[in-house]
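Line order of the protein sequences matches chains A and B. Position one of the first sequence corresponds to residue 15 (the working numbering), numbered consecutively onward. Position one of the second sequence corresponds to residue 384 (the working numbering), numbered consecutively onward.
Treat the hints with care, as some may be off.
Unchecked claim - Below are the EDC-like pairs computed for lysine to aspartate or glutamate, each with C-alpha atoms no more than 16 Å apart in a straight line:
(1) B:Lys422 / A:Asp185
(2) A:Lys77 / A:Glu119
(3) B:Lys538 / A:Asp127
(4) A:Lys77 / B:Asp408
(5) A:Lys235 / A:Glu260
(6) A:Lys138 / B:Asp408
(7) A:Lys122 / B:Asp412
(8) A:Lys77 / A:Glu191
(9) B:Lys476 / B:Asp598
(10) A:Lys138 / A:Glu120
(11) A:Lys122 / B:Asp408
(12) B:Lys553 / B:Asp523
(13) A:Lys77 / A:Glu120
(14) A:Lys122 / A:Glu191
(15) B:Lys459 / B:Glu469
(16) A:Lys67 / A:Glu260
(17) B:Lys424 / A:Glu191
(18) B:Lys586 / B:Asp466
(19) B:Lys410 / A:Glu119
(20) A:Lys84 / A:Asp177
(21) B:Lys586 / B:Glu469
(22) B:Lys496 / B:Asp478
(23) B:Lys410 / A:Asp127
(24) B:Lys410 / A:Glu120
(25) B:Lys646 / B:Asp602
(26) B:Lys424 / A:Asp185
(27) B:Lys410 / A:Asp185
(28) B:Lys422 / A:Asp127
(29) B:Lys547 / A:Asp127
(30) B:Lys433 / B:Glu522
(31) B:Lys646 / B:Asp599
(32) A:Lys122 / A:Glu139
To be verified - One-sided excerpt, in silico: chain A residues whose CB lies under 7 Å from chain B:
(33) Arg117
(34) Asn118
(35) Glu119
(36) Glu120
(37) Asn121
(38) Lys122
(39) Ile123
(40) Pro124
Rather than coming from a laboratory, the hints here were simulated on the basis of the structure. Bear in mind that the values here come from a model prediction, so they are computed numbers and not experimental data. Backbone N, C-alpha and C fix where the C-beta goes; we use that ideal spot for every residue, glycine too.
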Amino acid sequence: MMKKILLLSLFFRISLTFAEDGGLLFDDFDQRTRDLKASSWIVFINSEVMQFKPLQSFSLENKEIKAREKNYNGGGVGIGRKWWLGSYFNTTTEIALFFVQNRNEENKIPSEDTISTYVVSNFKELHIHYGSRLSQSIGIGIELPGFILEPFAQIYIGLGFNDSKVGYYWDTQIASEYESYNSKITENTLYQGVGAGFNILIDSGLMTYVKVMKNTITVGKRKTSTQISTSGTVVEDLSNSQNINETIDKYSLGIGLGYLF
Amino acid sequence: MKIGVLIVQLLLINFFTFSCGSYTDVKVDLNQTQIDAIKNKLAAKCLTDKATLFSDLKTATTNSFDSGKIIATGNKYKITQTDVSEQTLVVLKIDTANIYVYVTGSLTPRVYKYSIANNQSHVDAIKILACGAGNTFTEDINSFSYDILNYEPDKTDDDRTEQKGHFDIKSDRPVFFSLFSRTYLRTVYLNGKVVEDEKQDIKVSYEKTENVSIDDYEDRFNLATHCTFINANWLDLDANSYLADITKVTCSANAFNWTSDIKN
Chain A
15 MMKKILLLSL FFRISLTFAE DGGLLFDDFD QRTRDLKASS WIVFINSEVM QFKPLQSFSL
75 ENKEIKAREK NYNGGGVGIG RKWWLGSYFN TTTEIALFFV QNRNEENKIP SEDTISTYVV
135 SNFKELHIHY GSRLSQSIGI GIELPGFILE PFAQIYIGLG FNDSKVGYYW DTQIASEYES
195 YNSKITENTL YQGVGAGFNI LIDSGLMTYV KVMKNTITVG KRKTSTQIST SGTVVEDLSN
255 SQNINETIDK YSLGIGLGYL F
Chain B
384 MKIGVLIVQL LLINFFTFSC GSYTDVKVDL NQTQIDAIKN KLAAKCLTDK ATLFSDLKTA
444 TTNSFDSGKI IATGNKYKIT QTDVSEQTLV VLKIDTANIY VYVTGSLTPR VYKYSIANNQ
504 SHVDAIKILA CGAGNTFTED INSFSYDILN YEPDKTDDDR TEQKGHFDIK SDRPVFFSLF
564 SRTYLRTVYL NGKVVEDEKQ DIKVSYEKTE NVSIDDYEDR FNLATHCTFI NANWLDLDAN
624 SYLADITKVT CSANAFNWTS DIKN
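The following block holds chain A by itself, in its conformation from the complex (with noise of 0.2 Å):
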């Protein structure tokens, strides 16, 4: 969490560092007076973190997962066209292609030197979350000395496509000890949401925004594929594909740059 964190405001302040330098890594663009209130073109590249709740779980003698909810990271790319409307409304459209993830390992090693190169155990998480989606959202320019700020709230439509990977063993070498885990679940998903945030804008037409959304996902097809074995025998595998239309919330955070052009 401190790592993120750090990192997150890393980037923040080279953002500032940009906007207090008037643009310390663009000379090319210094150089252009632009108007930010005319309307324009958007790229963006973003940083996000979106809840999810995997739906693994298991409890086998030396393992118990249950399904928890997880902070996905990842981020997108997009682009989108601004239009004032007037001195300080405007409305945006973008569409954003996004990735977030999920990762974690562990192994368990023996604290005997002598067999320390063996993995006991190893616990392998991996879960993906990706799409697309297509936003519209309504923005107030309040002119500030040497940038606008830009509260927006927006709403949005869009895919998504889950795939959720556990695998786990513990292997002692001696057969009635054995146990083992693996789950694959794929999941179609279609998303409406409401977001809200503020955009930084500078002459330079650098511009920078944090949004929070809140997204209402709905699952649809799911695919699982789940095995358990214990002492060295299959004592459940189930594998096969549902409708579920499930609706479930959940809350993301974007931090990005963008351009305006």
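Since the structure of chain A is provided, determine the placement of chain B on it from the hints.
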């Protein structure tokens, strides 16, 4: 183009912000049954993976019994070991099947008969030792070496003996000579503390000093105790490293005959 720098920065920031995930190693305590099972597994895998290496080592060391190899009849060697008086070793005979060596030093002189069967069984013993869990070894057939870490009765016992050893095995000579190319540290613990006078850093090495006429050794041969190896355990760290003290051999007077065994 400064825009390029920006894009790279953005990508880097995005990459680092992006979750690369977490990776952790956790130590777990296992019981002795589990430890033994894992040791067996690792050793079996090593033996399978390195089968060619050990096969080549066995072939090469067996072939080294042929005449004209590095070890030749009449070679005299000086054996030195840390804190122990010198021994001498004379090769009385080496042929395609056996090598006879005369050893003298602080204890009763001995003649050892070392056969290619002994050699092969010792390579098999090296396989087990080198592949034993916790041991490491090089994979160069010309200069094979391995390290051993050994605890008796086990690592957690307050009263234990800890032995760390390094063995060098040359493929161009019988494994017998590898006995004289090793180092080890032997540390005795009592109540969890090192017993200083039982801490030994030992180096065993041999060096050829001269060629001698074996005819000068007939009387000494007849007076010496004659020994054969009974198993491969003498390569173990538990075996006494000093050749004259080796107990894992069978010894008796007049077991060998100067005329039929040496001069034949």
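Do the hints match the structure? See the list:
Note on B:Lys422 and A:Asp185: the hinted pairing holds, with a Cα-Cα distance of about 13 Å set against a maximum of 16 Å. Annotation: proposed proximity of A:Lys77 to A:Glu119 holds, straight-line Cα distance about 13 Å (limit 16 Å). With a C-alpha separation of about 9 Å, the suggested pair B:Lys538 and A:Asp127 falls inside the 16 Å cut-off, and the hint holds. Taking the CA atoms of A:Lys77 and B:Asp408, the gap is near 15 Å; set against the 16 Å cutoff, the hint holds.
Between A:Lys235 and A:Glu260 the alpha-carbon distance is near 10 Å, which keeps this suggested pair within the 16 Å criterion. Taken as a hint, the A:Lys138 and B:Asp408 pair is honoured in the structure, with Cα atoms around 12 Å apart against an allowance of 16 Å. As the CA atoms of A:Lys122 and B:Asp412 are separated by approximately 10 Å, the hinted pair is consistent with the 16 Å bound. Of the supplied pair hints, the one linking A:Lys77 and A:Glu191 holds, its CA atoms being roughly 12 Å apart against a limit of 16 Å.
A hinted pair counts as satisfied when its Cα atoms are at most 16 Å apart, and B:Lys476 with B:Asp598 qualifies at roughly 11 Å. Using a Cα cut-off of 16 Å, the hinted pair A:Lys138 and A:Glu120 holds, with the two alpha carbons roughly 6 Å apart. Between A:Lys122 and B:Asp408 the CA atoms are separated by roughly 6 Å; this keeps the pair inside 16 Å, and the hint holds. As the CA atoms of B:Lys553 and B:Asp523 are separated by approximately 10 Å, the hinted pair is consistent with the 16 Å bound.
A threshold of 16 Å between alpha carbons decides the hint, and for A:Lys77 with A:Glu120 the separation of about 11 Å falls inside it, so the pair holds. Between A:Lys122 and A:Glu191 the alpha-carbon distance is near 15 Å, which keeps this suggested pair within the 16 Å criterion. With a C-alpha separation of about 13 Å, the suggested pairing of B:Lys459 with B:Glu469 holds against the 16 Å cut-off. Taking the CA atoms of A:Lys67 and A:Glu260, the gap is about 13 Å. The hint holds against a cut of 16 Å.
For the proposed pair B:Lys424 and A:Glu191, the alpha carbon gap of about 15 Å is at most 16 Å, so the pair holds. Among the hinted pairs, B:Lys586 with B:Asp466 is consistent with the structure: their alpha-carbon atoms are about 9 Å apart, no more than 16 Å. Under the criterion of a C-alpha separation no larger than 16 Å, the hint pairing B:Lys410 with A:Glu119 is consistent with the structure, at around 14 Å. With a C-alpha separation of about 14 Å, the suggested pair A:Lys84 and A:Asp177 falls inside the 16 Å cut-off, and the hint holds.
Proposed proximity of B:Lys586 and B:Glu469 is supported: the alpha carbons are some 12 Å apart, at most 16 Å. In summary, the hint linking B:Lys496 to B:Asp478 is supported, as the alpha carbons are separated by about 12 Å, within the 16 Å threshold. The straight-line distance between the Cα atoms of B:Lys410 and A:Asp127 is roughly 10 Å, inside the 16 Å bound, and the hint therefore holds. Our distance criterion of 16 Å between C-alpha atoms is met by B:Lys410 and A:Glu120, whose separation comes to about 11 Å.
With a C-alpha separation of about 13 Å, the suggested pairing of B:Lys646 with B:Asp602 holds against the 16 Å cut-off. Between B:Lys424 and A:Asp185, the direct Cα distance comes to roughly 11 Å. Compliance with the 16 Å bound is thereby established for this hinted pair. Proposed proximity of B:Lys410 and A:Asp185 is supported: the alpha carbons are some 14 Å apart, at most 16 Å. Taking the CA atoms of B:Lys422 and A:Asp127, the gap is near 11 Å; set against the 16 Å cutoff, the hint holds.
A hinted pair counts as satisfied when its Cα atoms are at most 16 Å apart, and B:Lys547 with A:Asp127 qualifies at roughly 13 Å. Between the alpha carbons of B:Lys433 and B:Glu522 the distance comes to roughly 8 Å, so the proposed pair stays at or under 16 Å and holds. At most 16 Å may separate the alpha-carbon atoms for a hinted pair to count; B:Lys646 and B:Asp599 meet this at roughly 12 Å. Distance hint between A:Lys122 and A:Glu139 is fulfilled; the C-alpha atoms sit about 15 Å from each other, no more than 16 Å.
Given hint, A:Arg117 at the interface with chain B, holds; its Cβ is 3 Å from that chain's nearest Cβ, closer than 7 Å. With its C-beta approaching chain B no nearer than about 5 Å, A:Asn118 sits inside the 7 Å limit, and its interface hint holds. With its C-beta approaching chain B no nearer than about 5 Å, A:Glu119 sits inside the 7 Å limit, and its interface hint holds. Interface hint at A:Glu120: satisfied, since its Cβ lies 5 Å from the closest Cβ of chain B, which is below the 7 Å cut-off.
This hint holds: A:Asn121 has a C-beta 5 Å from the nearest C-beta of chain B, less than the 7 Å allowed. Hint status for A:Lys122 relative to chain B: holds, with the closest Cβ pair at about 5 Å, below 7 Å. Taking 7 Å as the C-beta cut-off, the interface hint given for A:Ile123 holds, the closest approach to chain B being about 5 Å. Given hint, A:Pro124 at the interface with chain B, holds; its Cβ is 5 Å from that chain's nearest Cβ, closer than 7 Å.
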